Amino acid sequence: MGHWNSAANELFVQAIEIESRDHRRSFIEAACGNDAGLRTDVERLLKAHNDAGSFLEHPVDGIAPTIVTGQSETVDDSEGKISLDFLIPGGNSKCLGTLGFYEVIEVVGRGGMGVVLRAHDPKLNRMVAIKVIAPELAANAMAVKRFLREAVAAAAVSHDHVVTIHAIDEGNRPPFIVMEYVAGESLQQRIDREGALGLQEILRIGMQIAAGLAAAHQRGLVHRDIKPANILVESGIERVKITDFGLARAVDDLGITQAGQIAGTPQYMSPEQAQGQAVDSRTDLFSLGSAMYAMCGGRPAFCADNSVAVLRCVCDEAPRPLHELNSEIPEWLESVVFKLLEKDPANRIQTADEVSELLRQHLAHLQQPTTSPQPKPVVRQSQPMARKELVQRRWSLFTAAAALSTFVMLAAGVMFLIRLPNGTVRIDIDDPQTTVEIAGTTIAVQNQGEPISITPGEHKLSVRRGELSFETEKFEVGRDERITIRVQLVDNKLAAMLDGKLLGEQSLLPLETHAENRITLVRSFEGHSGPVKQVAFSPDGKLALSASGWPNGDGTIILWDVATGTEIRTLGFLGKSAFAVHFSPDGKLAAGSGIDPVVHIWDVTTGKEFASYKTNTELVEDLAFSPDGRYVLSIGHKRQAVSPNLEQGMAELWDLEIGKSLWSMTTNGYLKTGEFLEDGNQIVVAGFQTGAAMHLLDRATGRELKQFKARDGELGDIEELAVSPDGQLIATASKLGHVCIWQIDKSNQPVLRRKLTDVDLKVEAHAALKSNQTRDSLLTVAFSPDGRWLLTGGYAARLYILDTTDLQTVTSIEHPAGTVWNVACSADGRMALTAGGTDYAEIMPKRNGDYALRLWRLPQTIWSQAVGPVSARPPDQR
Amino acid sequence: MGELTQILSQIENGDPSSAELLLPLIYEELRRLAAQRLTLEPAGQTLQATALVHEAYVRLVDSEHQQKWDSRGHFFAAAAEAIRRILIERARRKQSYKHGGDRRPIELDEVELAVALHDPQLLAMNEALDELEQHDPQAAQLVKLRFFAGFQHQEAAEVMGITRRAADRLWATARAWLYAQISDE
Chain A
10 MGHWNSAANE LFVQAIEIES RDHRRSFIEA ACGNDAGLRT DVERLLKAHN DAGSFLEHPV
70 DGIAPTIVTG QSETVDDSEG KISLDFLIPG GNSKCLGTLG FYEVIEVVGR GGMGVVLRAH
130 DPKLNRMVAI KVIAPELAAN AMAVKRFLRE AVAAAAVSHD HVVTIHAIDE GNRPPFIVME
190 YVAGESLQQR IDREGALGLQ EILRIGMQIA AGLAAAHQRG LVHRDIKPAN ILVESGIERV
250 KITDFGLARA VDDLGITQAG QIAGTPQYMS PEQAQGQAVD SRTDLFSLGS AMYAMCGGRP
310 AFCADNSVAV LRCVCDEAPR PLHELNSEIP EWLESVVFKL LEKDPANRIQ TADEVSELLR
370 QHLAHLQQPT TSPQPKPVVR QSQPMARKEL VQRRWSLFTA AAALSTFVML AAGVMFLIRL
430 PNGTVRIDID DPQTTVEIAG TTIAVQNQGE PISITPGEHK LSVRRGELSF ETEKFEVGRD
490 ERITIRVQLV DNKLAAMLDG KLLGEQSLLP LETHAENRIT LVRSFEGHSG PVKQVAFSPD
550 GKLALSASGW PNGDGTIILW DVATGTEIRT LGFLGKSAFA VHFSPDGKLA AGSGIDPVVH
610 IWDVTTGKEF ASYKTNTELV EDLAFSPDGR YVLSIGHKRQ AVSPNLEQGM AELWDLEIGK
670 SLWSMTTNGY LKTGEFLEDG NQIVVAGFQT GAAMHLLDRA TGRELKQFKA RDGELGDIEE
730 LAVSPDGQLI ATASKLGHVC IWQIDKSNQP VLRRKLTDVD LKVEAHAALK SNQTRDSLLT
790 VAFSPDGRWL LTGGYAARLY ILDTTDLQTV TSIEHPAGTV WNVACSADGR MALTAGGTDY
850 AEIMPKRNGD YALRLWRLPQ TIWSQAVGPV SARPPDQR
Chain B
129 MGELTQILSQ IENGDPSSAE LLLPLIYEEL RRLAAQRLTL EPAGQTLQAT ALVHEAYVRL
189 VDSEHQQKWD SRGHFFAAAA EAIRRILIER ARRKQSYKHG GDRRPIELDE VELAVALHDP
249 QLLAMNEALD ELEQHDPQAA QLVKLRFFAG FQHQEAAEVM GITRRAADRL WATARAWLYA
309 QISDE
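Protein chains in written order, with this note's numbering: chain A, 10 to 887; chain B, 129 to 313.
Since the hints were made in silico from the structure, they are not lab data. Keep in mind it's a predicted model, so treat the numbers as computed, not measured. Mixed in with the good hints there might be a few duds.
To be verified - Chain B side only, calculated, beta carbon under 7 Å to chain A, not exhaustive:
1. A300
2. R303
3. A304
4. Y307
Backbone N, C-alpha and C define an ideal beta-carbon position, used for all residues, glycine too.
All chains should be built: construct the whole structure from the sequences, respecting the hints.
In structure tokens form, the structure reads like this:
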């Protein structure tokens with residue numbers, strides 16, 4: 010342990026300023042004289058100084074912040090100043106700074122949403138282009154999403170004429186995308202410099218853009234912002250590449266752009282885009298037509314003073330004939346361009362492939378007129394005069410729209426949004442359990458009748474009642490129109506009506522309507538003052554156990570009388586958290602565990618501690634008794650000796666007769682749950698998935714017999730597993746909301762799986778859920794005694810009964826204690842016990858119910874189908 | 129924003145005791161921001177501690193105060209301390225026990241902040257920094273500003289009101305001394 014020595018510090022700072030080592034040494038020798046202590050301290054600092062490397066040189070999170078300084082480095086650009094605050098100073102003297110490990114050399118431009126930098130990748134020693142989201146957009150989650158989507162979209166397309174995406178760093182602030190660097194200029198720059206291009210060049214470039222688009226379209230991607238500025242022309246060779254997939258999206262991705270919001274570049278936008286209508290790949294062909302027009306004519310097809318006027322032209326006006334602008338443009342090329350510029354997508358050339366092929370043939374003919382025939386000229390559909398009328402009608406609507414529109418200009422006209430005047434919808438609901446969603450708004454009985462403002466166009470409702478949900482037909486909402494939709498429950502049918510017309514209906518699940526098929530609440534057991542993590546029935550069903558634990562648990566293990574729901578005694582207090590509690594098969598003992606690394610075993614009758622075993626783990630997550638009651642399995646975690654930040658799961662087996670551990674085994678990642686198979690000779694454990702989802706172990710030795718897998722991370726952590734009464738099946742409930750059935754003897758993959766709630770989630774809603782990750786997590790699973798049914802639940806605060814043959818929901822009921830942390834089924838299959846109390850799907854643990862245990866009567870259909878009645882064992886302990 | 133601006137004004141008007149009021153306020157804001165950001169961002173995203181501090185600054189401090197070096201110094205000193213406490217608290221908790229039942233990150237001080245150091249290093253660094261603070265508060269502040277608030281060296285010198293050269297020396301000493309402390313242990 011060193012100490013503080015001001016004199017040594019002073020000498021040290023002087024010494025490090027001396028370049029030459031010899032001079033430095035003599036300086037220290039002279040300064041310290043005979044003071045050996047001083048010298049040691051100075052040398053200690055010097056050594057540290059030399060050894061420290063980059064110690065502390067980077068902030069704790071390894072990045073430099075993006076904001077703060079008033080005098081930020083800026084680079085002049087036609088669009089204004091670009092702040093380069095996000096660069097970390099350093100790298101060699103030629104570079105502006107570093108971004109990640111890339112050495113940024115210069116700003117090459119400004120794209121739709123950010124700055125494009127030229128940088129050197131020192132690892133692969135190549136030049137790359139890095140696109141960084143504009144700082145003013147970096148704080149906008151929607152913009153970031155859109156920005157990152159570019160990388161994902163473009164990365165999916167690998168083509169000579171599409172810019173290659175090398176990497177994406179979304180963790181960086183601001184996020185950036187690393188792309189292939191194309192030395193050259195944009196087609197826009199070329200046109201600005203040269204005006205109209207030569208015929209062969211136009212054909213070659215047009216053909217290549219079309220080929221690149223064809224590749225994107227084949228992947229289901231629509232670029233939606235094809236324009237000369239997004240076409241890079243490599244210098245030297247006549248090769249072009251499409252870039253800036255910022256607006257691209259999968260045709261079926263209903264995600265981000267809402268109806269009524271228009272994104273794109275006005276001059277090259279298609280009419281359908283300009284009007285905020287649905288677009289498909291043919292929108293890109295219109296934009297390609299516009300780009301070709303610009304190459305032919307040296308100016309854009311649609312010009313006007315402002316964006317609204319440009320949009321008006323796009324929608325309603327025919328561009329000037331090309332031969333008036335450039336006499337070198339042949340008739341056939343003008344036809345091709347105008348065919349692409351058809352207002353109605355149906356009248357355009359339909360695919361990018363066709364365009365590419367057509368241009369290729371023309372080019373071939375141009376180069377070798379004798380061997381390559383001239384392709385047949387394309388026939389232009391629209392008659393200029395006939396269109397005039399249509400134009401008038403459209404224009405009047407459009408003027409009205411424009412007059413009322415809100416314009417949001419982003420990045421200087423690169424993208425803008427128009428909000429059209431809205432219609433209103435009123436929903437009337439007569440059933441308190443029904444909710445209706447329209448355009449992102451959820452309506453229930455409480456807020457029914459409030460008019461909802463929505464964008465004009467087609468809409469549909471999502472109607473939901475418990476497990477049941479359906480979507481209605483689409484209906485049209487006009488501008489300033491008010492409509493009322495009634496959602497009613499009549500004769501077991503849930504129906505949505507608009508003006509007496511049925512928009513959609515669905516019958517309620519028959520099971521829900523019959524009392525005997527419902528789960529009914531018998532009583533609540535009150536006593537815990539924190540969330541309850543595990544519950545258990547005694548074999549005779551007369552007693553229950555519960556453990557209250559993290560987060561904010563009361564740490565107790567309580568023994569209850571099931572008949573009255575009253576507390577018999579507190580068996581144990583395990584500090585902050587109790588996690589697990591089980592009855593022995595004969596019902597005489599109870600085993601509990603929690604935050605301390607100890608397996609506690611109590612005599613149920615007396616409440617006295619029977620035994621306790623200190624485990625080799627840090628805490629004990631779960632316990633299981635062997636069927637003969639002799640062994641107890643404990644499941645926990647252990648920190649790895651070599652790498653203390655990594656933890657291992659650990660299972661240990663305790664022999665109650667000899668009172669010690671027989672073996673322990675470790676796994677990578679956590680273990681959370683474990684059970685004995687019915688013959689007691691094998692054990693299955695599961696948890697956090699690193700490598701394997703579950704491990705089948707030999708009871709006698711702890712040796713691993715088999716691994717069960719799920720594709721990496723697909724299920725999320727397995728929260729609980731249950732073994733079927735016949736010992737053939739394992740059921741698991743997991744973090745990402747799956748219930749799975751696994752066959753012990755067969756495949757190492759689940760034989761059945763179902764994600765419980767995502768069928769009801771809309772795309773957008775689901776994205777939101779992903780961010781708080783686990784709203785649909787399942788936390789617990791139990792078999793009915795006949796193995797025919799599964800009980801499960803989780804954060805969704807519902808108790809479900811599933812059919813084990815197909816995992817379909819038989820019935821479900823809301824859980825008043827919120828999250829279903831645990832469910833247990835009584836040995837006769839008639840009762841279930843649940844508990845919970847805290848929602849942990851959000852950032853902070855949030856109480857979402859009470860801390861009472863709930864005793865439920867299960868539907869008769871469930872226990873009456875049991876293969877032979879399960880006889881309850883006599884309650885010999887009471 | 130109001131409350132913080134008021135505190136900053138009080139500090140500028142010579143009421144040093146007000147500085148103590150900054151820390152809890154900023155601490156809360158950081159936690160709130162983190163929580164908010166996590167709901168907006170895709171799963172598995174980590175937050176950059178230093179970016180968070182600067183975002184908090186822009187949100188909490190009005191533009192008038194943003195111009196004043198004094199305000200900046202006070203704010204960032206407190207914010208650096210807040211981040212340090214959050215990280216240390218988290219590292220300690222992770223060292224002492226693991227939660228049962230669930231592995232989801234819940235709070236800012238638990239898992240979401242991206243940190244380039246392992247917990248043991250962070251804890252060792254923290255102890256050494258405490259010791260440094262007793263010997264040379266200015267050196268400790270420079271370390272905190274650079275390391276926990278992500279300041280560039282020049283900026284840190286400016287907000288501390290010292291020359292670049294003084295900051296260079298302070299930094300060299302602090303860094304070498306801390307490194308020696310940590311590697312001796």
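Status of the hints after comparison with the structure:
1. With a least beta-carbon distance of about 6 Å to chain A, the hint placing A300 of chain B at the interface is held under the 7 Å criterion.
2. This hint holds: R303 of chain B has a C-beta 5 Å from the nearest C-beta of chain A, less than the 7 Å allowed.
3. Here the hint on A304 of chain B is kept, as its CB sits about 4 Å from the closest CB of chain A, short of 7 Å.
4. Here the hint on Y307 of chain B is kept, as its CB sits about 4 Å from the closest CB of chain A, short of 7 Å.
Hint compliance for this structure: no hint is broken.
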